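Visitor: Okay, here's what each chain looks like letter by letter:
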Amino acid sequence: MFGLQKKEKVVKNLKFRESLYRKTLSLSAIFIIVLLSCIFLTLLISSMPSIKAIGVKFIYGTTWDPVTDEYGALPFLVGTLMTAVLSLLISTPFALAIGLFLGEFYPTGWISGIIKNAVELLAGIPSVIFGFWGIFTIVPFVRAIEMKFGIPPYGVGILTASILLSIMIIPFSASLIRLVISMVPSNLKEAAYSLGATRFEVIRYVVIPNIRSGMSAGILLSLGRALGETMAVTMLIGNTQAIPKSIFDTGNTMASVIANEFTEATGKVYFSALIEIGLFLFVVTTIINIIGVNIIKRFKV
Amino acid sequence: MNYSTSSFFRESRNLFFKVLVIIFTIITLFPLIAILFYIFKEGISAINWHFLTHMPKPVGETGGGILNAIIGSVFIIVVAALIAVPIGVSVGLFFSDSNSQSKLYRVSHLAVDVLQGIPSIVIGIIIYLWFVKPFGKFSAVSGSIALAFMMLPSIIKSTEETLKRVPHSLKEASLALGVPYYKTMIRVIVPTGLSGILNGVILGIARVAGETAPLLFTAFGNPFLNFSIFKPMASLPLIIFNYAISPYDDWHQLAWGASFILVMIILFLNILTKLAERKWKVRF
Amino acid sequence: MESTILRTENFNAFFGTSHVLKNVNLAIPRKKISAVMGPSGCGKSTFIRCINRMHEFIENATSTGIIFLDGENIFKFNPTMLRRRVGMVFQQPNPFNTMSIYKNVISGYTLNGYKLSKTEKDEIVETSLKHAALWDEVKDNLHKKGTFLSGGQQQRLCIARSLAMKPEIILLDEPTSALDPISTSKIEELLLVLKNEYTIIIVTHNMQQAARISDYTAFFYLGELTEWDETKTVFTNPKNEKTSNYITGRFG
Chain A
1201 MFGLQKKEKV
1211 VKNLKFRESL
1221 YRKTLSLSAI
1231 FIIVLLSCIF
1241 LTLLISSMPS
1251 IKAIGVKFIY
1261 GTTWDPVTDE
1271 YGALPFLVGT
1281 LMTAVLSLLI
1291 STPFALAIGL
1301 FLGEFYPTGW
1311 ISGIIKNAVE
1321 LLAGIPSVIF
1331 GFWGIFTIVP
1341 FVRAIEMKFG
1351 IPPYGVGILT
1361 ASILLSIMII
1371 PFSASLIRLV
1381 ISMVPSNLKE
1391 AAYSLGATRF
1401 EVIRYVVIPN
1411 IRSGMSAGIL
1421 LSLGRALGET
1431 MAVTMLIGNT
1441 QAIPKSIFDT
1451 GNTMASVIAN
1461 EFTEATGKVY
1471 FSALIEIGLF
1481 LFVVTTIINI
1491 IGVNIIKRFK
1501 V
Chain B
311 MNYSTSSFFR
321 ESRNLFFKVL
331 VIIFTIITLF
341 PLIAILFYIF
351 KEGISAINWH
361 FLTHMPKPVG
371 ETGGGILNAI
381 IGSVFIIVVA
391 ALIAVPIGVS
401 VGLFFSDSNS
411 QSKLYRVSHL
421 AVDVLQGIPS
431 IVIGIIIYLW
441 FVKPFGKFSA
451 VSGSIALAFM
461 MLPSIIKSTE
471 ETLKRVPHSL
481 KEASLALGVP
491 YYKTMIRVIV
501 PTGLSGILNG
511 VILGIARVAG
521 ETAPLLFTAF
531 GNPFLNFSIF
541 KPMASLPLII
551 FNYAISPYDD
561 WHQLAWGASF
571 ILVMIILFLN
581 ILTKLAERKW
591 KVRF
Chain C
123 MESTILRTEN
133 FNAFFGTSHV
143 LKNVNLAIPR
153 KKISAVMGPS
163 GCGKSTFIRC
173 INRMHEFIEN
183 ATSTGIIFLD
193 GENIFKFNPT
203 MLRRRVGMVF
213 QQPNPFNTMS
223 IYKNVISGYT
233 LNGYKLSKTE
243 KDEIVETSLK
253 HAALWDEVKD
263 NLHKKGTFLS
273 GGQQQRLCIA
283 RSLAMKPEII
293 LLDEPTSALD
303 PISTSKIEEL
313 LLVLKNEYTI
323 IIVTHNMQQA
333 ARISDYTAFF
343 YLGELTEWDE
353 TKTVFTNPKN
363 EKTSNYITGR
373 FG
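Residue numbers (this note's numbering), protein chains in the order written: chain A, 1201 to 1501; chain B, 311 to 594; chain C, 123 to 374.
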C-alpha cells in the first residue's frame, strides 16, 4: 500500500484545497454581483450633480443647451422612442417571416442552412459598418424620397436611423421568435393537421395563439437591444437637439447624444447630465431585460 | 358549424401566405448581400500591401494605411481575453456545479443576464469613470477592460453549458479513484470540456471585435503606432468610425478597406467556431 | 473461517426520508468474490456505493451505523483516502476520453499529484494491464486514446485503472451488463484470477454469473439483507423464502 503515511497532513491539506476551490468559485460569482452593483452606484453617484441641479425638469425639459447649462432630455427620450418603435414595427414582420420560414416551412435541408447562416452573418456585422454603409446607400435613398415630397432633404434622420436599426435587430428578433415557435407542442399542431387544416390555418389558429406571450417577451427583448444600439444610429440620425416632429426630422437618441458629446463635455453639470442619460438607459434596459428573460424562462419550464 | 370557406379559397390563401413568408425572408437577405457587396467592391480596391503595413497619413495627404488599427485591435482584444477568460470560466464552472436553487446561483445568474443587456455605451461611461478619469488619460487597457465586461456573459454561458454536458460517468470514475472533488473538476471535467469552452471564448471575441462604443472614451484611438497598454490605442472599429464620418473621400476609401478587414476577421472567427463545434459535438 | 475485511454494523441508508438500506449486518471475507443480488430497487447499488462513500455525492443522502474496513470505521477518515483503498468499476465503461490508455491506467496517481519516475509509471501500467488481461491487446498502442477499444476492452481498462491503485477491495457495479457474452466471460475469468490478490464485491442481476464466479452471495430485498451465505448454499438451499422465490424466477 502506498502513500498512506503522513495521513494527517495530507487530509488537512486536502480539506484546505477543497474549501479553497469552493471559495474561489463562489467569490467569482459574487464578483459579478458586486460589479453590477458598482456599475449602478457609479452611474447614480455621478448623476447626482445633474439631478440636484436640474431635478425632474430633466425628463420634460425640451432644451438641451450646454451654453446656458440647461439640460432637458425630452428630445432624446422622444428620439429614442421614435427610432425604437419604428424599427420594431419595420423589423417584426420580417423577423416573424424568418421565424416561420425556419421553424415551420423549412426546418431542415440546404435552404434552411443557407438562411440560418445568412441571418447569423447579418448578426455578426458590426454596428459601425452598418452605419457606414447606410451613409452611402440609405441616406441618398431617403433624401430622394424627401426631395420628391418637398421635405428638407437631410437624408439623415429618424427614418434613416430606424431603417438601419430594424435591419440590425432582425437577427436577434428572429432567433427569439424561432425559439418561441419551437416551444409550441407538436402534438397540438399534429391534431390540427389531422383535422384537415392547411399549414396557414395551423399557423394562424395553433402556432400564433400559443406564442403570444413569448412574442411579447421577444419584442420586449428586441426593444432592449434597439435601445442600446449606438454607432449606426449616431451616424444616421443627424444629431440635433430639438424634438423631432416627424420621421423625416433629424434628432438624437439617448445613446447617440452620449456618443457625440461625452468627450466634449466640460462643466460639471453637463458631464453629469450625460451620465444621467446613461443611468436612464441602464435602468430601462435592465428592467426590460429582466422582464423579458423571466417571461421566456416561465415558458421554458 | 357553418363551414363556408371553399377548399379552393383555403388552398390559395395557404399558398399566398407561404409565398409571402418566403418573399419577406428573401427581402431580409438584400441588405446583407448589399452590404457584403459594397464592402467587397470598395474595400478590395483599398487593400494592398501598403495599406496593411503603413500608418494613416495626416489630413490632406493621400495614401496611408491602417497598420496601427490592425495591431491595436489585436492588442486590445488579446488583453481583454486575458482578463475575461479566467473570471468567465470560474463563474461558468461555479454555475455548472451549483445547486440551481441556491440564492447565490440565482442572484449571480440574474446579474450575468443584466450584464449582457447593458448598452455598450454605458459600459464605456463606466470604464471611463473608473479607469480613465482617475488617471487622467485614455489607455488601451481601459478599452480592454470595457471589452472584457462585454465578453464575460458569453464566456460564462458557454462554459456553463459545456460543463453541464460532460457525462456524469467521468466524474464518477475520477471520484471512485479517490481523486478529491476539486481536482476532479479542475483536472478531469474542465479539460474534457476544453474545446467547448474555447469555442465560447472565440465567439465572445468575434462579438466584441467590432464594438466601437465601448472604445470611444477608453482606448480613444491613436493616429500613431503604440505598443503601450497605458496609452491610447487605435483599433479597427474606431478608425472606421472616424474616417466614415469625415468629409474626405480618400479617408472613406481607407474606411472601406478597414471594414473589409474587420468583416473578414469576424467571418473567419465564426467559421472557426462552426468547425470546432461540429468536431466537439460529435464526441458526446 | 476466513478473515473478514469489511464489516457493516447496523447500517442504514436514507435518501431524504426514503429508507433504502435497513439494518444491514454483513461481514465480507478477505480475498473472495462476494456477489450482491436482488430485484431492481432493492438497494444493492446503494449498498456498494456506501462502501466507498460515493453515495454521499447524492443530495439528501444520509446513513447511520458503521462500516469497518480492516477494523477501522470508514466514516472516521477522509473519503478520498478511502477510495484509494477501495476501487470501483461501473456498469458503463468510463475511461477518461481525453487521456491515452497509458495515462488512463496511471490516472489515479497523476490526478492525485503523486510524482512517479518514468520507470515506476511504466511498471505500474504494465503490471495493471497484465492483471486486467489487457496488456497483450494494447501494449503497442499505449499512447493512443482508448476510443478504439471495444466495450469489453474498455471495461478491462477501467479495471486496470482501479488495480493500479493497489486497492484492498474492488467494487464492481454490474460490470458486464453492458457487454456482449464473450467480453462478459473474459471479465468473469479475470475476476476469478484477481481474487487471489484482491477482495471482490460484485453487484449483479445475473444469477448465473453469481453462481459461476462468486464464493459468497448476499441477497437484498427492499433494502433488507435477507440472505448471506456461501453461494452454493444460497442457490441450492436458501434459508429465506424470498431468496428462493427470486432464484426460481417468481419475481425480479
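Among the clues, some could well be false.
[Claimed, not checked] In silico contact screen, one side only, chain C against chain B (beta carbon under 10 Å); selected entries:
1) Pro161
2) Phe197
3) Gly235
4) Ala333
[What the hints assert, rightly or not] In silico lysine-lysine, DSS-like type, Cα no more than 30 Å apart, as pairs:
5) A/Lys1215 with C/Lys237
6) B/Lys447 with B/Lys367
7) B/Lys367 with A/Lys1223
8) B/Lys474 with A/Lys1316
9) A/Lys1497 with B/Lys447
10) B/Lys481 with C/Lys361
11) C/Lys237 with B/Lys584
12) B/Lys443 with A/Lys1252
None of these hints come from the bench; they were simulated from the model.
No experiment lies behind these values; they were computed from the predicted model shown.
Think of the CB as a built atom: it goes at the ideal place given N, C-alpha and C, for glycine as much as any other residue.
Visitor: Determine for every hint whether it applies to the structure shown.
Guide: Here's how the hints hold up against the structure:
1. A hinted interface residue such as C/Pro161 counts as satisfied when its beta carbon comes closer than 10 Å to some beta carbon of chain B; here the least separation is about 24 Å, so the hint is violated.
2. Given hint, C/Phe197 at the interface with chain B, is violated; its Cβ is 16 Å from that chain's nearest Cβ, farther than 10 Å.
3. Interface hint at C/Gly235: satisfied, since its Cβ lies 8 Å from the closest Cβ of chain B, which is below the 10 Å cut-off.
4. The closest approach between the C-beta of C/Ala333 and any C-beta of chain B is roughly 27 Å, which is over the 10 Å cut-off, so the hint fails.
5. For the suggested pair A/Lys1215 and C/Lys237, the alpha carbons sit about 21 Å apart, so the restraint of at most 30 Å is met.
6. Proximity of B/Lys447 to B/Lys367 is assessed by CA-CA distance (about 24 Å); at most 30 Å being required, the pair is judged to hold.
7. Our distance criterion of 30 Å between C-alpha atoms is broken by B/Lys367 and A/Lys1223, whose separation comes to about 53 Å.
8. Taking the CA atoms of B/Lys474 and A/Lys1316, the gap is about 26 Å. The hint holds against a cut of 30 Å.
9. Restraint check: the Cα-Cα separation between A/Lys1497 and B/Lys447 comes to about 43 Å, which exceeds 30 Å; the hinted pair is violated.
10. At most 30 Å may separate the alpha-carbon atoms for a hinted pair to count; B/Lys481 and C/Lys361 exceed this at roughly 40 Å.
11. This hinted pair does not check out: C/Lys237 and B/Lys584 have alpha carbons roughly 39 Å apart, beyond 30 Å.
12. Using a Cα cut-off of 30 Å, the hinted pair B/Lys443 and A/Lys1252 holds, with the two alpha carbons roughly 22 Å apart.
Of the hints listed earlier, those the structure fails to meet are numbers 1, 2, 4, 7, 9, 10 and 11, in rising order.
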